[in-house]
Amino acid sequence: MGLLDKHKDYSQRYQAIRDAGADPFNVRFEAVISPTEGVVNGRPTVLLGTNNYLGLTFDESCIEASSAAVHAHGTGTTGSRIANGSFGGHLELESAIAKFYGRQHAMTFTTGYQANLGIMSTLVGRGDHLFLDADSHASLYDGARLGHAEVIRFRHNDPEDLYKRLKRLKGQPGNRLIVTEGIYSMLGDAAPLKEFAEVKREMGAYLLVDEAHSLGVLGEKGRGLAEAQGVEADVDVIVGTFSKSLGAIGGFCVSDMDDFEVMRVVCRPYMFTASLPPSVVASTLQALKVIEQQPGLRHKLTSNAQRLYDGLKAMGLQVGPECSPIVAVTIPDQPRAIAVWKALLEKGVYLNLALPPATPDARPLLRSSISAAHTEAQLDRVIAAFAEVSEEFGLVNEPLQRATA
Amino acid sequence: MESVTDLTVRQIGRTAGIVMQRPVEVTAASDIGRDLGVDSLTLMNIVMELEDVFELSIPLDRLADVETVGDLAALINELRARA
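Chains as they are written, first to last, in numbering that gives the first Met the number 0: chain A, 0 to 404; chain B, 0 to 82.
Honestly, the hints are just simulated from the structure, not real lab data. Some clues are possibly wrong.
[Said to hold, decoys possible] Under 8 Å between C-beta atoms, here's a sample of chain B residues computed to sit facing chain A:
#, residue
1, Thr4
2, Met43
3, Met47
4, Glu48
5, Leu55
6, Ser56
7, Leu59
Because the structure is a prediction, the values reported are computed rather than measured. Each residue gets a CB set at the ideal place from its N, CA and C atoms; glycine is no exception.
For reference, chain A alone in the conformation it holds in the complex (with noise of 0.2 Å):
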């Protein structure tokens, strides 16, 4: 018996892709030249699968605060911050995100993975109950597997289905967690959280949600999803990463909460892992300053989204429930979804493929990211490279409905 025999199912499965002719989980770029081009087979392609939401990975002025500060500080912190100390650029960051949220504590990490494996393992312990939303992301299941709570998941986006749940542990002792997400990342649907904090609040539990998806997208200060429904004062904790709309590599955590510095010696994914590089932390401060002073950025987003939304959803593609920077299509069957997959790859679109159980409802999807730096004429391409492939791979049975406008 070989130590991998347990993994041989999904390695059949696995291989079983690649005989169709496709690798979707090892996509290889000679080049990436923009937020939205990149070179695949020695083709132009359009990048439509990178949570780039602003194209904030090229702009000039993260580009310049990051090599500045390689230079100035050097390539790495060659250790954590227990060990080895905080630079300024960590403590500056932390304050500009506390401040970003409005909230008196913030803490980073080294990647938006490990906030959520630190913050999920640490907030409750044993003898407290974890509920999470059923579509949560991998990182708040492993987190909730790291730490010693009762965890309990509810039906997705279903105020009512958490309440029915949270009521069943009525005359338990413990603290009830409630975690959710901003946008889910598959289908870019968005939570309930209005419905969840009045749950919240009945219950007396506390409410978590990550904004990973919706930092930068959503709201007014591009707060995300807590801002945009006007419920920031129910949030007890906000999660989130700079590696999706800030453009660089990190998470982080946000909190009004009481002696919450005391995570810094007691969240072991925090503890015991180096810290952020400058230039990353230096390109995600400019990244954030960039966000407050340009809000025409989220405004393009929004309405890039709609384009290819409304585009796709004219053609009788089945889209998800409402226009969000995510737009996926849902496909009737594997094989059909990574033969489309791989002529869309060829048409010169690379966006995401998605396969159960990493779906929500068992059925695969092609997951689109939109960009504030995709181009009108890139968006338009991308949707008469669907059109064909629709087409050619029989995806829509009704007689097509273009939108004449």
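We have chain A; now place chain B onto it with these hints.
Okay, now just chain B, sitting in the frame of chain A:
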């Protein structure tokens, strides 16, 4: 007369069938992953349905020790006894 465990095993089979949208034959000895072809997400979906059927909470952390349908039935019966 069927024992409580048999009844729970039968209910697990029914619920698994509903979630997986196909008939599922189960015995207490059925391995949930190997014999029933249930992946981790499907198991969590089955458990969520079972929570509603039995009106109880089945914490996911308790599933770490569950390999067979009999294990799951025993867990449910333990939690019911405690409720």
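Okay, the hints, checked on the actual structure:
no. : hint  : result
1   : Thr4  : violated (23 Å)
2   : Met43 : holds (6 Å)
3   : Met47 : holds (6 Å)
4   : Glu48 : violated (10 Å)
5   : Leu55 : holds (7 Å)
6   : Ser56 : holds (5 Å)
7   : Leu59 : holds (4 Å)
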